[in-house]
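Asks: Protein chains in written order, with the working numbering: chain A, 22 to 445; chain B, 22 to 445; chain C, 22 to 445; chain D, 3 to 121; chain E, 3 to 121; chain F, 3 to 121.
Don't read these hints as lab results, they were simulated from the structure. One or more hints might be untrue.
Below, simulated BS3-like cross-link-like pairs (lysine-lysine); rule was C-alpha separation at most 30 Å, straight line [unchecked claim]:
| id | chain 1 | residue 1 | chain 2 | residue 2 |
| --- | --- | --- | --- | --- |
| 1 | B | LYS222 | B | LYS298 |
| 2 | C | LYS222 | B | LYS298 |
| 3 | B | LYS298 | A | LYS298 |
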Amino acid sequence: MTAFPAPLPLTLAAAGPIDSGSTAWMLASSALVLLMIPGLSLFYGGMVRQKNILSTMMYSFVAMAVIGVQWIVIGYALAFGTSVGGWIGWNPALIGLVGLPHDQLFADKAIPELVFVMFQGKFAIITPALISGAIAERVRLSSFIAFIILWTTCVYCPLAHWVWASEGWLFKWGVLDFAGGTVVHISSGVSALVLALMLGKRRDYPAGAIQPNNLTMTLTGAGLLWFGWFGFNAGSAVGFESPVAGTIAGLAFTTTQTAAAAAALVWMIIEWSHHGKPTSLGMASGIVAGLVAITPAAGHVKPVYAIIIGAVASLVCYCAVRLKSRLGYDDSLDAFGVHGVGGFWGAIATGIFCTIPGLSGLITGHATQLFKQLAGASIAAAFAIVGTLLIGGLVAATMGLRVSDRQERDGLDIAIHGERGYHL
Amino acid sequence: MTAFPAPLPLTLAAAGPIDSGSTAWMLASSALVLLMIPGLSLFYGGMVRQKNILSTMMYSFVAMAVIGVQWIVIGYALAFGTSVGGWIGWNPALIGLVGLPHDQLFADKAIPELVFVMFQGKFAIITPALISGAIAERVRLSSFIAFIILWTTCVYCPLAHWVWASEGWLFKWGVLDFAGGTVVHISSGVSALVLALMLGKRRDYPAGAIQPNNLTMTLTGAGLLWFGWFGFNAGSAVGFESPVAGTIAGLAFTTTQTAAAAAALVWMIIEWSHHGKPTSLGMASGIVAGLVAITPAAGHVKPVYAIIIGAVASLVCYCAVRLKSRLGYDDSLDAFGVHGVGGFWGAIATGIFCTIPGLSGLITGHATQLFKQLAGASIAAAFAIVGTLLIGGLVAATMGLRVSDRQERDGLDIAIHGERGYHL
Amino acid sequence: MTAFPAPLPLTLAAAGPIDSGSTAWMLASSALVLLMIPGLSLFYGGMVRQKNILSTMMYSFVAMAVIGVQWIVIGYALAFGTSVGGWIGWNPALIGLVGLPHDQLFADKAIPELVFVMFQGKFAIITPALISGAIAERVRLSSFIAFIILWTTCVYCPLAHWVWASEGWLFKWGVLDFAGGTVVHISSGVSALVLALMLGKRRDYPAGAIQPNNLTMTLTGAGLLWFGWFGFNAGSAVGFESPVAGTIAGLAFTTTQTAAAAAALVWMIIEWSHHGKPTSLGMASGIVAGLVAITPAAGHVKPVYAIIIGAVASLVCYCAVRLKSRLGYDDSLDAFGVHGVGGFWGAIATGIFCTIPGLSGLITGHATQLFKQLAGASIAAAFAIVGTLLIGGLVAATMGLRVSDRQERDGLDIAIHGERGYHL
Amino acid sequence: MKLVIAVIRPEVLDAVQYQLQAVLDEGDNYRLTVFSVDGHGRALGEIEYFRGQPVRQRMVRRTQIEIAVNDEYVERTIDAILRGARTGDKGEVGDGKIFVVPLHECIRIRTGERGGDAV
Amino acid sequence: MKLVIAVIRPEVLDAVQYQLQAVLDEGDNYRLTVFSVDGHGRALGEIEYFRGQPVRQRMVRRTQIEIAVNDEYVERTIDAILRGARTGDKGEVGDGKIFVVPLHECIRIRTGERGGDAV
Amino acid sequence: MKLVIAVIRPEVLDAVQYQLQAVLDEGDNYRLTVFSVDGHGRALGEIEYFRGQPVRQRMVRRTQIEIAVNDEYVERTIDAILRGARTGDKGEVGDGKIFVVPLHECIRIRTGERGGDAV
Ligand SMILES: Nc1ncnc2c1ncn2[C@@H]1O[C@H](COP(=O)(O)OP(=O)(O)O)[C@@H](O)[C@H]1O
Ligand SMILES: Nc1ncnc2c1ncn2[C@@H]1O[C@H](COP(=O)(O)OP(=O)(O)O)[C@@H](O)[C@H]1O
Ligand SMILES: Nc1ncnc2c1ncn2[C@@H]1O[C@H](COP(=O)(O)OP(=O)(O)O)[C@@H](O)[C@H]1O
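In isolation and in its complexed conformation, chain A is listed as follows (with noise of 0.2 Å):
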């Protein structure tokens, strides 16, 4: 089994022809990815209030334009240069990547290497992109903007280094993370929770505060999502085959897509059986659900726990979001509920069910991969935790986290953005 090794000393290019297959189909899952962006937009965006529509989409789009910068100037550098003692990579040459010639292969992978960074790039996009659903219609544009752009330099890139690079700590210990589920969903879940906690509720939260105001545009984010995640999964085929639109991204996608149904059919059970209506957020909830939790184990599983994953997900996050009104704290949208509590389900269900290719899980009687996986999902909880609290605490103090209250009553599209959502 391999990983995304650190780049080849720049000077010499790897050798061997290009795939184009492989290539085309690392082309296609970047391009699938960035649509996952728009997709949350919607996807979040139909959830809030008519008055912070726009803004809601907006974190989304942001993160697009924010970090799609950031990571050709430093980001890709910090998570997949050279790597400095397995905790952060590093190489100058990756600045803005300069010193990184168009032709170069990736690895021993017959792909562009600027292929691959755009693979990542948008993985470290839609990260960020997942706290602002903890954070809508309350926190102040600027101070998301600063908060993502220290969050993810400081934060998501260690962690990228540590899980998937080939000299990462966590991935040398044996920690496996297919696509993302720790690096992506747990860490952007927690932070989310952490956000959430110091901003405090919205000011009219609850009753007032929830009345979606368009969930057509939830269930097309979904649809979106659950589309742009078959690149997001099967094309992180990348770090452990060639050719890499071969058998294991055949596996991701079928796990992918399996996940997802059962996890939303249990949700409208759950529901059904709850409540009596199977909502229409229930539907896009379970979807998303079923995918963040085979998100780590989608090359790893077979279909069929494919199945259980994504079922157990629903149950698990329909619990958490429900826990929420208990505690009482205000994670708008559920980033966390949904993101941090399926992401460590499926850290969890990999070490039990991995099999592929040539692992062993619980399942086959081996416990050892599933300490490793509670192990590397809390030290990135952890991680993610602290760091979000320093870089938090740090906007907080210096710009603050929060609209003024009449902005808040008013909406943020017409107070931050000056514009509303509908002329209807």
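Mind docking chains B, C, D, E and F with the ligands on chain A? Use the hints.
Replies: Chains B, C, D, E and F with the ligands in isolation, oriented as in the chain A frame:
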């Protein structure tokens, strides 16, 4: 000319290396076909009244969840397992895909069989979703779910086996259905009609019942369908060439694009000359009609004939939907008028214009193919009608097909799903 | 450096086997570019007043229908048929593509020529659709249709031939246009301006005329455009490398992503500093401006320069759209301000920053390329202006360009299409 | 002349119009203006579910209709509304109210005619 | 004081506002409240097409405006509305109505002042 | 009986309802009908930006509430609205108006009862 052979005995994995290019295209195609389902939910959702928008979209999403699981558990085994006399597939090892190694290649194609499982699974999902168009705004969700599980298992899977499995009796007899005109569109179209008749009209049909709540959604849905259909048709080259991303795929892509454009254009012209108002719904309908009609012929006809196929498709479908108001049955969104009728025309057109690869249709002077197409389409239709009558009757008797009059009056969104589409 | 050569004599099929990877990517790219058109219809549709939303979206869909057919019938023959002195393509065998065998490969590329026909066809569709942005809310549908048929045939096809065909005189002279900055954006942008001037202002411009009915649609449209643009630009590697899914494609993908992000970021910063409100429309506009500007340079510049190209694009486009209010012409949705101006900057930027493959721009001390770019852009602009004046004048004289004042007052949706966008 | 204002359930609008058509001797030209409003009263708002959490809407969706009539028509207009808008024979909480406001003057814009004929 | 209520075509709102501005001596501060309503009367609803089938809307889209004025302003307000809202010189079916309702009291929320000055 | 009509800022509706609940002795059953309207008056419309160009909305978004009350309740209803709807102690331009219209009759649809009890 080859087709989808029953998988090799699962013990020995298919020889030969994987072709990453073919795999890349099949992965992309499978993702594209999945996107058609949210696309369909937009296409349908925009046409109904606001009080039923979520419920109408949910039929498609529910199909993703329910059939998504059914296909893994049993569907694929029935449709593409080792053939039992050409009537049905069966292979215990394929239940839950447990006996299908992830590195098993598909038949003589250099792609993982799992990818083929996925590609076919999306077809199994969209077919029952299409049916929902005829019964929207009044069918019970639970009954719909029960129906599609039974229908997919007992009607779709056998039909797919007859027409697409290398041992399928209709396939062996020489019936052509490149990408599902018969298996998907005729079967869903006629079944939709049967269900619409069983259900009866909506309580306030026609007048009040016709008030599309959001035609921008319908247009957008048509756009996504067009986009996804490239995967649907060009991906179906998997049955006819290796490598899959080859000249047949290119041809299917071309005819798909051409027929959709021609049909949209002609539907617009018809409306213009008929009542002077070229509608956006007409544009959307023409697009879908053209895509439906070209589906069985996509890889078999020259692009120039795709223009004729698309043009005629709009003509016949337009007449069909007009006829509805005469005959007075209530096919809410014309699932039969577009998919049933368009599918029939497509099957016939294939018999007339097919020349590739090495085929000969009416235009090259051979009536046999046309005859086979007519026979195949009629047999499929008859089978679907009988199956729907039985399954629909069973569901009607046991759980009832229709929501209460009050639920229908108040709208299914609030009554069944406990939600409102918009809070504007 | 190669380009799109005129197809080989159709009698003998190109030698060499097909490359499934390249074909897979070109199929995917063609699909992606098609999706840009519904994306554009959302982008534009959200910006107009509610009474014109369907009509505005329809311009794009009509282009799909009309040009979709035109391209098969005659367009491809004119643009890429055997060159007549570098001025226009011609090949009777390509009319309706009747003489093009489906297994004919494209030039020295290992992809079916039909796939290249499709890829190029999508460009021919989107170009006139872009124009509609300047004349929305007042142009007659029938006149628009007549105009785009003539314009595509007499302006776009020759221009594409000049710049992209291996015999095209501008191409041979060395003008660079990687993916259509000149052929698509400059030509549509300046034509849009000319038409806007011919049509005159909307009856209640500016005040009443500026009330975007649904900015969530515009944001979503921008997201789909960004997604589809990867096919637009990275697919255009077909002109420069074989296999197509190679290092140039990877580079084009990277610069596209980077320029879009940088432009979105800068547009936001400009608005913030200019009037304190970073708008969602600004975000969407920045994205598009960046994508437009990078188009001609995508495969020719290093990623770091894409940041500059995108940043400057927002700067110049922002000034251009501001200028409009001064000059007082009514380019409804800034088709010229964004595509015309952005395209110009892109052409210049290509001359400044191009280094790949083996090129040398101003930064490497050669002014020649910059000069050629300026010349090429100007020639294309001049040609498009003259063509639009003639064709627009002809249409104005024969059928009139503008709807009646009453139709404009009541809205084109009900007046022309007999529909309302929403029934909420 | 009076202005009859009624707040009714959206779903009974058809029934009310049907009844009005019967009593106002204008055939299908009976005149009426319709508002969609939010109401608050004894009726409880709809329950919607947000991720398993029931959310009771604080307002109910209602329809308000305005009908200007001459005095001799007031009673039959009221009766028509009652017939159309009452749920069952007993009626249910939330059926709404009818308000009758004196009308000082009424002008038909088209013709400028005033008073009773204009109504 | 009177409350002048007018149901007009949405497309003439601008014209009506323009006329009001002229007569109500408040410059651009003329006061007005606008509702979008559905109307039923002699005017026929729009025809929309659904897959070739003409569907006549049962209601017409109208705009209702409310203007509270002192008695001496009533007539000129009415005239202004008539000028702005009538189609052509003859007017057309569907131009709408003006209703004048007596106003018992009027309070400006900002200041609490009452009566004529508050209007 | 009177019909109290108030045009207020949308964002103060909650506050106004809170005040009404206190004075109308119906507990949480206080009755009220709410319209979303566009207003024009001295208050300026919101500024929105369209590609760097500030666009001043010609209307302001307002909420109109209607409350039918018996005469003895009129004053306290007005006071409640004033308390809830005034911005700060001084009030701001745009706070809106209250109009009181005489109510000739009031009928509860559910029961058909009339007059004061029905309000
Ligand atoms: N006094 C009133 N003032 C204004 N609106 C009222 C009044 N009474 C009732 N309504 C309207 O009528 C609707 C129905 O009233 P409700 O109290 O629920 O029914 P009921 O009168 O049968 O108990 C309310 O939602 C409200 O919109
Ligand atoms: N008596 C009335 N009560 C309530 N609304 C009315 C009345 N008469 C007219 N309207 C409103 O005015 C609009 C125009 O009336 P209509 O009868 O079509 O025009 P006209 O009075 O010129 O024949 C109607 O749609 C309705 O909304
Ligand atoms: N005379 C009136 N007629 C109708 N509506 C009015 C009248 N006066 C005020 N309004 C409504 O009240 C709102 C606030 O009025 P405005 O003049 O802005 O505040 P103020 O009265 O405090 O100056 C206006 O937008 C309008 O909708």
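Asks: Are there hints from earlier that the structure breaks, and if so, what are their numbers?
Replies: 3
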